[in-house]
Amino acid sequence: MNETALILARMQFAANITFHILFPTLTIALGWILFFFRMRFKATRDESWEEAYYFWTKIFALTFALGVVSGITMSFQFGTNWPGFMEIAGNIAGPLLGYEVLTAFFLEATFLGVMLFGRGRVSERTHLIATFLVAFGTTMSAFWILSLNSWMQTPVGYEIINGKMFATDWLAILFNPSFPYRFSHMLLASGLTASFVVLGVSAWQVLKKVDSKATHKAFKTALTAAAILIPIQILVGDIHGTNTLKYQPAKIAAIEGIWNTEKGAPLVLFAWPNKETKSNLYAIEIPKVASLILTHDLDGELKGLNEFEGKHPPVAPVFWAFRIMVGMGVAMLAISWLGVFMLRKRTIDTLPRLYLKALAAMTFAGWVATVAGWYVTEIGRQPYIVYGVVTVAETAAKHAPAMIGLTLTAYLALYVFLLISYVFVVKSLSEKPTRGQAPKLPTAAGRKVDAIVEAAGD
Amino acid sequence: MDTVLPLIFMAVMGLAMLLYVILDGYDLGVGILLHFAPDEHKDMMVASIGPFWDANETWLVLGVGIMLVAFPSAHGIVLSALYLPVAIMLMGLIVRGVSFDFRTKANDKHKPRWNRAFAIGSLVSAMSQGWMLGSYVSGFRDDWWTWAFNAVIALTVPAAYVVLGAGWLIMKAEGDLQARAVVWARQAILPFVIGIAAISITTPLISETIFKKWFKLPGFFALLPIPLISAAAFGALWHVTGKKSIVAAGYGWIVFAATVLVLILATLGLAYSIYPYVVIDRLNVWEAASATSSLVILLVGTGIALPAIIGYTVFVYRIFWGKARELTYGA
Ligand code: HDD
Ligand code: HEM
Ligand code: HEM
Chain A
0 MNETALILAR
10 MQFAANITFH
20 ILFPTLTIAL
30 GWILFFFRMR
40 FKATRDESWE
50 EAYYFWTKIF
60 ALTFALGVVS
70 GITMSFQFGT
80 NWPGFMEIAG
90 NIAGPLLGYE
100 VLTAFFLEAT
110 FLGVMLFGRG
120 RVSERTHLIA
130 TFLVAFGTTM
140 SAFWILSLNS
150 WMQTPVGYEI
160 INGKMFATDW
170 LAILFNPSFP
180 YRFSHMLLAS
190 GLTASFVVLG
200 VSAWQVLKKV
210 DSKATHKAFK
220 TALTAAAILI
230 PIQILVGDIH
240 GTNTLKYQPA
250 KIAAIEGIWN
260 TEKGAPLVLF
270 AWPNKETKSN
280 LYAIEIPKVA
290 SLILTHDLDG
300 ELKGLNEFEG
310 KHPPVAPVFW
320 AFRIMVGMGV
330 AMLAISWLGV
340 FMLRKRTIDT
350 LPRLYLKALA
360 AMTFAGWVAT
370 VAGWYVTEIG
380 RQPYIVYGVV
390 TVAETAAKHA
400 PAMIGLTLTA
410 YLALYVFLLI
420 SYVFVVKSLS
430 EKPTRGQAPK
440 LPTAAGRKVD
450 AIVEAAGD
Chain B
0 MDTVLPLIFM
10 AVMGLAMLLY
20 VILDGYDLGV
30 GILLHFAPDE
40 HKDMMVASIG
50 PFWDANETWL
60 VLGVGIMLVA
70 FPSAHGIVLS
80 ALYLPVAIML
90 MGLIVRGVSF
100 DFRTKANDKH
110 KPRWNRAFAI
120 GSLVSAMSQG
130 WMLGSYVSGF
140 RDDWWTWAFN
150 AVIALTVPAA
160 YVVLGAGWLI
170 MKAEGDLQAR
180 AVVWARQAIL
190 PFVIGIAAIS
200 ITTPLISETI
210 FKKWFKLPGF
220 FALLPIPLIS
230 AAAFGALWHV
240 TGKKSIVAAG
250 YGWIVFAATV
260 LVLILATLGL
270 AYSIYPYVVI
280 DRLNVWEAAS
290 ATSSLVILLV
300 GTGIALPAII
310 GYTVFVYRIF
320 WGKARELTYG
330 A
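Sequences listed follow chains A and B, in order. The numbers in numbering that gives the first Met the number 0 rise by one with no breaks, and the one at position 150 of the first sequence is 149. The numbers in numbering that gives the first Met the number 0 rise by one with no breaks, and the one at position 101 of the second sequence is 100.
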């Protein structure tokens, strides 16, 4: 297998999935937040909930569109980049992907139209149901794809006949050993990502003095969600790590930077992993704590990278990505709890400007943590595509490196451009005053309502 | 079971692809036409497809998904061979899809640029789809004749989409925009007809397998209705777009319907030509199929989900039935 082609194919896959994941991460939870806004409006009839819904729908629509188009790219990526994967593992990966399309993609894509543009054409109840179905559909997408990804990390319930994998136990495949942790960790990540986007944009609106009652409602909702979710996320992350220790000890050794098996391993806070000398330079460590966290025993034994010679992932990227994720988690904890604490005595307008600026700076903190987390996961399972069974190199397509390089460059240019446009548009949307922009209630708009609306809505 | 299942999935895959071509076809067509429309109509044109495009594209995901799931080895061969056109199509679809939202949310200054991106993205996607169809039918050969053949299809598909898109606009628009749509449809009919005719004549010449299938008796007579009905549909297209009074009397939908009919017939013809191959001359449905147990699992899901999907799709089309209106997130 051509080394350059393999590296390029991996970079291309990584670029595409990294770009894709940004948007679903945001929409999965933002869908639920929008549903919450609508429910609050239904319960209180307070127009500012409606205004918040209206404003965030715009960002949702934009984000969703990016999620869909990059997702379509993803659905071709397995075939174009890893044809061997489907040949070997297609019997298992196939149905999971198939069910995702059938039960999730159609649901969200079809009802999205009603959710976005259906006000005034359908009854309020139908509209609420459509909003619910979109949020539900996105969550179902996450369910199926994470089931597949988790199975690739911790494969069970299969047998190999003539070099192909066959399913023997679908329930075991679906709820494979790492799935519960990965699914909950990802949903929480989505909740945090959306909360911090809402929080950051709202803080920016307060700073720019274009805020309204709706901004404050969104701010409070997001702050509360963040403050509740982050400790749970840290806990789940910790349990996730224990699970990984059981099934992928080489990944944990890379995460913790443990080169040699030891009892009572220290927690390495900072270091420069050096693959030449197989040791950490400039390490700052807390003795025995890694063993304590992972094995719940001060003198527990942790396997080092030396046990996986030639079959362990590259250390530095995993090590660093992990620290970025955890660092973000700690920062999220600090800032959200500080906010809750301050709001006991203050109102949102009187929060210190420095604090609001910090929130605005953390708007996309969820993205950073999520992507870093995925890099830990995916790079950490190298060199395998299905852990312990199939390697990435076995499955790669044999394209000319020049062609992969060409398309990779084009994708990258497009993605950078779209990402900049996205951030720019979110910024400019948030700087337009939203006050008084809340839409009128459906029937009050005074437009002609055609017969079909009455038939469809009740 | 082992013999029928792969055939069922071949049929579902064909259905998904056909639905994709019809549904995303009309919105890509409208996208291409955006370039030719005066500014005052652009918002309405986009509004007419706004609630649907996302779901329309999902049929492509289903089609590719079924190939991936039911015929994994074919999926590998096809997508490896089509690597470049697939990448180009995807970038086209990305640009088209994001322009939907950016054009209204970005700064007004940039709106014309996003409109242009919208049209170009639509055209690029349509052309690369045509090219892919060409290489697929010709068995991924690489020579000048095949490239010329692919190029003809790459031009025919956008023409077909434009007729379809114009047909959609005739149903969804009123007044000046509708009148323009009639003209657009009429202008695109000729390239569409010539393209289809050229493809029909050259396909058997490109592939010996296909030649043998079409030109043997008595099959030839059984197949005769395909070209005959297509010709009648083209006749109807030409007739309806030629007389203002027919559209005014409310029969404008015939343009859309006749185009859909042609596409259905073309798909049937193609299916007949290729059967029983998934990758022509190389891999038949049974060789390519995945394990029966996996197919059964999927069949259950498809059996339940597909009718549901079709059901709620119809429901949503009914909600947005009738002439298009300006789109807002509020009322
Ligand atoms: C907002 C996002 C976010 C935050 C704040 C955290 N994580 Fe995380 N983490 C993810 C988002 C994420 C993720 C993107 O969702 C990953 C990638 C794959 C997965 O299952 O979840 C992930 C993976 C992941 C893994 C790799 C598991 C594996 O592949 O085997 C571990 C061990 C942790 N996380 C642990 C933590 C800990 C101890 C955190 C404490 C602060 C933490 N995460 C915060
Ligand atoms: C849940 C769905 C996912 C599946 C099924 C999946 C599957 C894969 C596959 C097949 C590869 C190729 C093998 C390889 O190059 O190592 C890969 C690599 C990779 N993925 Fe994922 N992935 C998923 C989610 C993600 C997400 C959300 C991200 C990032 C945000 C991500 C980041 C990466 C990276 C960076 C690589 C390259 C690693 C390397 O080559 O060293 N993945 N993944
Ligand atoms: C590697 C594998 C992946 C593939 C093949 C894939 C494929 C797709 C496709 C085709 C779409 C568009 C569906 C539509 O037409 O509406 C989509 C959207 C979506 N995907 Fe992925 N995806 C992958 C990874 C992921 C991951 C890792 C997640 C989340 C954890 C995810 C969650 C979603 C969600 C929620 C949507 C809905 C659109 C949105 O909310 O922006 N996908 N994906």
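Check each hint, because a few of them may be wrong.
Here are the simulated DSS-like cross-link-like pairs (lysine-lysine), alpha carbons at most 25 angstroms apart as the crow flies [to be verified]:
| hint | chain 1 | residue 1 | chain 2 | residue 2 |
| --- | --- | --- | --- | --- |
| 1 | A | K207 | B | K104 |
| 2 | B | K104 | A | K57 |
| 3 | B | K104 | A | K426 |
| 4 | A | K426 | B | K110 |
| 5 | B | K212 | A | K57 |
| 6 | A | K431 | B | K243 |
| 7 | A | K356 | A | K212 |
| 8 | B | K41 | A | K207 |
| 9 | A | K310 | A | K397 |
| 10 | B | K215 | A | K57 |
| 11 | A | K219 | A | K207 |
| 12 | A | K57 | A | K426 |
| 13 | A | K212 | B | K104 |
No wet-lab data here; the hints were simulated from the structure.
| query | Under the criterion that the straight-line Cα-Cα distance not exceed 25 angstroms, is the pair K212 (chain B), K57 (chain A) satisfied? | reply | 54 angstroms, violated
| task | Would you mind confirming whether the straight-line C-alpha gap from K41 (chain B) to K207 (chain A) stays at or under 25 angstroms? | result | Violated, at about 33 angstroms.
| said: So if I understand the rule, the pair passes when the alpha-carbon distance is 25 angstroms or less; does K104 (chain B) with K426 (chain A) pass? | reply: 11 angstroms, holds
| Straight-line alpha-carbon gap K431 (chain A) to K243 (chain B), limit 25 angstroms | 46 angstroms, violated
| message | For K310 (chain A) and K397 (chain A), compute the direct alpha-carbon distance and say whether it is at most 25 angstroms. | response | 23 angstroms, holds
| said: Does K104 (chain B) sit within 25 angstroms of K212 (chain A), going by the straight-line distance between their CA atoms? | reply: Within the cut-off at roughly 23 angstroms; holds.
| query | Given the hinted pair K207 (chain A) and K104 (chain B), is their alpha-carbon gap at most 25 angstroms? | reply | Distance ~19 angstroms between K207 (chain A) and K104 (chain B) Cα, so the pair holds.
| query | Hey, K57 (chain A) versus K426 (chain A), does the alpha-carbon distance stay inside 25 angstroms? | reply | Between K57 (chain A) and K426 (chain A) the Cα gap is close to 12 angstroms, so the pair holds against 25 angstroms.
| said: Would the hint linking K215 (chain B) and K57 (chain A) be met if the CA-CA limit is 25 angstroms? | reply: 59 angstroms, violated
| Pair hint K356 (chain A) and K212 (chain A), alpha-carbon separation not exceeding 25 angstroms | Cα-Cα ~20 angstroms, so holds.
| said: Holds or violated: K104 (chain B) and K57 (chain A), Cα atoms, limit 25 angstroms. | reply: Given pair K104 (chain B), K57 (chain A) holds - Cα atoms ~8 angstroms apart, limit 25 angstroms.
| Can the restraint linking K426 (chain A) and K110 (chain B) be considered satisfied, given a maximum Cα separation of 25 angstroms? | 17 angstroms, holds
Hints 5, 6, 8, 10, counting from the list given before, are not met by this structure.
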